[in-house]
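Peer 1: Here is how the chains run, residue by residue.
2 protein chains.
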Amino acid sequence: MLEKYPMLPSLSRTEYKKQISLLRDKLYNEQRQFRKKKTSPLLLVIGGAGKHDTANTITSWMDPRGLSTYEFAENNAAELERPEFWRYWQTLPAKGEIGIYLGAWYNRPLSDQAYQRSDSVTYERYLSRIKTLEKQLTEDGALIIKLWISISKSEQEKRLHMLKENPLTRWRVTQTEEKQAQHYDQFKTSANQLLKKTSYPYAKWHEIKGDNTKHRMITAAQIFQDLLHSHQDKNSLLTKKLIPVAPKKNNNAYITNMKLDLEKHLEKNAYKNKLEKYRGRLHELSIESIKKGVSTVLVFEGVDAAGKGGAIRRLIVAFEAHRYRVVQIAKPTEEEKRYHYLWRFWQHVPTKGMTTIFDRSWYGRVLVERVEGFATTEEWNRAYSEINDFEKQLLENNTAVIKFWIQISKDEQLKRFRARQNTPHKEWKINEEDWRNREKWEQYEEAAEKMIGLTSTDFAPWTIVEGNDKRFARVKVIKTVCEQLEQTINRAVN
Amino acid sequence: MLEKYPMLPSLSRTEYKKQISLLRDKLYNEQRQFRKKKTSPLLLVIGGAGKHDTANTITSWMDPRGLSTYEFAENNAAELERPEFWRYWQTLPAKGEIGIYLGAWYNRPLSDQAYQRSDSVTYERYLSRIKTLEKQLTEDGALIIKLWISISKSEQEKRLHMLKENPLTRWRVTQTEEKQAQHYDQFKTSANQLLKKTSYPYAKWHEIKGDNTKHRMITAAQIFQDLLHSHQDKNSLLTKKLIPVAPKKNNNAYITNMKLDLEKHLEKNAYKNKLEKYRGRLHELSIESIKKGVSTVLVFEGVDAAGKGGAIRRLIVAFEAHRYRVVQIAKPTEEEKRYHYLWRFWQHVPTKGMTTIFDRSWYGRVLVERVEGFATTEEWNRAYSEINDFEKQLLENNTAVIKFWIQISKDEQLKRFRARQNTPHKEWKINEEDWRNREKWEQYEEAAEKMIGLTSTDFAPWTIVEGNDKRFARVKVIKTVCEQLEQTINRAVN
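Chains as they are written, first to last, in the numbering used here: chain A, 1 to 494; chain B, 1 to 494.
These are calculated hints, taken from the structure and not from any lab test.
Certain hints may be false.
No copy is singled out in the list; a pair is fine if it fits within one copy or between any two copies.
[Said to hold, decoys possible] Only pairs whose alpha carbons sit at most 25 angstroms apart, straight line, appear in this in silico DSS-like list of lysine-lysine:
{"id": "1", "residue 1": "37", "residue 2": "158"}
{"id": "2", "residue 1": "17", "residue 2": "415"}
{"id": "3", "residue 1": "37", "residue 2": "214"}
{"id": "4", "residue 1": "95", "residue 2": "179"}
{"id": "5", "residue 1": "131", "residue 2": "259"}
{"id": "6", "residue 1": "4", "residue 2": "274"}
{"id": "7", "residue 1": "429", "residue 2": "234"}
{"id": "8", "residue 1": "470", "residue 2": "274"}
{"id": "9", "residue 1": "26", "residue 2": "164"}
{"id": "10", "residue 1": "268", "residue 2": "209"}
If you're wondering where the values come from, they're calculated on a predicted model, not measured in any experiment.
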């Protein structure tokens, strides 16, 4: 799967300039179309020796608008508090934009392996995380071009020697580079293994010999231009199939199967006492979670008027105001549509000790986007495993992921809709769309059942809340948060 | 200036409910119009005793869309690295949105003074920072409503006692609250002083007696509704005066006065040597700046084709790729237009040891926005001091603010425009707008002269770069960066 490139015949300076001039014009034109179409993001990953120089040269040929270069070193304070791949999600290019990644997410496994700093389980898990990221991005339409530049031991020695000889250029040789050069063979072996293991059909590595600069630049430019060209060709053939799902009555459905007792209820006094009791407990837990560096993500889903907002308002009293944040998820903005749909949720991943509460969430992908046909069948079918993977990354970062589906009966919804219409200050809660969604009750139910079945994992189970009685629902929610948060705190390694 | 409110006659439960019901409907309607108009942001600051309860009640009456509540405690990792007021800028509501601030920026001076933790110079400087923030926001159209709730010593004691008596509510009494209660008199004195000193004509404090909850809620709701109503009334009368500035020939202009020698130039070999020398020096300095926690902000301004991008590209080679970021500033997006114009630049304030390079900047306000009439005369006239204040905050956070105006002659610009048109891969650099801007050469020159005169401060001087010879310009830029960064590093307290 790994593509290697034969050495080009040696070129005179004039011939080189001529060839490069042709290539850069082609590349520039491709980029112009790519920017205009705005159909997909482009990630150019450059690894190996001379990646800065290659990136600088390629960038100087192009329109710098919508083009950014990234290199990742030790994690900064904000990054240390989030899942390891959070920082990569923060830098992803939007559709029509280009991100150039020097070393990208490959720096860590490359040097860990060369210096034998990690065991094989950690190494393989890291590679599988990379695979998932590149798969998710390319499935969503991204083009990932990966260039690896390898140079010979003697060439590397020669270059370092020359730079160090000259007092003016000595500073260019960093300690890291020198150390790497001293471990040339280990890095070579580590790189070979890495390239083989991470060259995927959808994101192949292209290995370029880098001893000769002319050869390196022409080959790099050629590959870049070819891949961008064929990607755009392919893209212009494909049109998104947006097919709303046909209504289907499924009698074996999950929620129906549960035979929920929606009539469960709670008396006013018992409610007041229990609510206050669990708030107190949750308050204690939130203080413990700060000590243990545990974060919390709460997800609220359910049909319109299920009581999500009310449950959230009763819950947050237990937290100090600066320790939680409620995020209401509505239709993605035009800006947000230019990224992978999970991108906007990555922005809200809480830091240690913090709680983010999602009033609707990434599950919109397999609920409203599925039912209304805003996502293609491929897209929403893919989403279940993308979501499980996302939540797993949160969990691995000591985050409790606690998810609620609040279920009410169709009659109860009608009652609440009417009450909203008749209360002036609640009127904003009800609109035409709510009535339209109600007509698709069965389709939403089917989508919810499938969602709960496919995304109720060991590490992030769904809790179904019987919601006809608001008091019962609110207490069940806060009690569940206490229980699951306590589990995560006990599990957390400090 | 401080508004106090007389106690209302005591109310029965039914009367209270009736009054509140009327008020919340009014408030709800005001908010609806406010959301729809999107002409200004609203900041509701609530301080004193029972602020959480007041905020929760008011929020429960309103449409939660576009409404967020903030409380600030100790600085988190990301905040510690930025100027103290950075975190407030991050939370500002957009036009049509509401931010509820519990304690807001008043928590620190309130308790510093009560516990006698800061000297009077620090205290006064902090208050003047608050004044500037509120002034800038209200001048830009924001409505700031400040409510202070004061309760008597006996009432406070009674409340704490009741909460602590009940095992279910004991958790609600935090250590901070208990400590504050023990220092009731000191906090009372500190609050009185604070309210007097920070009640401005454009952002008055409204002091509400909080012993009686009914009185507190009715008064708070009444003030909120009144002020929002009169703000909207006033706003609908005002229309922005957008008058492009008339061209004016000013023979005493600053740049003209400088009698710049635009013919200064540098031979190729000298250029290569000097460039490499200063790059090496800059590289060393960038490493020192990391150690000293010094950040760098570089600003590049100049007419089209002045050579800003080229100078930046020659400079960044000295930095490690993950330590700097180039931000290209173009027209504000629709999203950005919903905030104070400085808001988008606050987003890019670098963390310690990092460098942010602005290819065009906040100076657009007094250049293109002035000349093209995108900002009103009041707006761009106000901007000079707003900018000086912004840069001072950067400096106080150990940030070197280094600003370049690259000047070329009108003939040189024409030559470069033509070259761009004749080079296919440079074509993106030139468009109709550039030619139109060229016709306004004198107006831009006048604007630049005024800008340089009014924003060349001790702490952030402008450097004017003779730009006809690109080599000369690039070396002058990098040399200046070295000199000014070195000064900041030497001045920095570690």
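Peer 1: Run every hint past the structure and note whether it holds.
Peer 2: Checked hints:
When the C-alpha separation of residue 37 and residue 158 is checked against a cutoff of 25 angstroms, the pair qualifies neither within a copy, at 44 angstroms, nor between copies, at 67 angstroms. In this assembly of identical chains, residue 17 and residue 415 lie within 25 angstroms of each other by CA distance solely across copies; the values are 24 angstroms between and 76 angstroms within a copy. Taking identical chains as interchangeable, the C-alpha atoms of residue 37 and residue 214 are never at most 25 angstroms apart, the minima being 32 angstroms within one chain and 59 angstroms between chains. In this homomeric assembly, residue 95 and residue 179 never come within 25 angstroms of each other (Cα to Cα): the closest approach is 38 angstroms inside a single copy and 53 angstroms across copies.
In this assembly of identical chains, residue 131 and residue 259 lie within 25 angstroms of each other by CA distance neither inside one copy nor across copies; the values are 40 angstroms within and 61 angstroms between. With identical chains, the CA atoms of residue 4 and residue 274 are never at most 25 angstroms apart, being 67 angstroms at best within one copy and 40 angstroms at best between copies. Taking the closest pair of Cα atoms, residue 429 and residue 234 never come within 25 angstroms of each other, the shortest separation being 44 angstroms inside a single copy and 29 angstroms across copies. In this assembly of identical chains, the alpha carbons of residue 470 and residue 274 lie at most 25 angstroms apart only when taken from the same copy (14 angstroms versus 74 angstroms across copies).
In this homomeric assembly, residue 26 and residue 164 never come within 25 angstroms of each other (Cα to Cα): the closest approach is 37 angstroms inside a single copy and 75 angstroms across copies. With identical chains, the CA atoms of residue 268 and residue 209 are never at most 25 angstroms apart, being 76 angstroms at best within one copy and 31 angstroms at best between copies.
In this structure, the hints that do not hold are numbers 1, 3, 4, 5, 6, 7, 9 and 10, in rising order.
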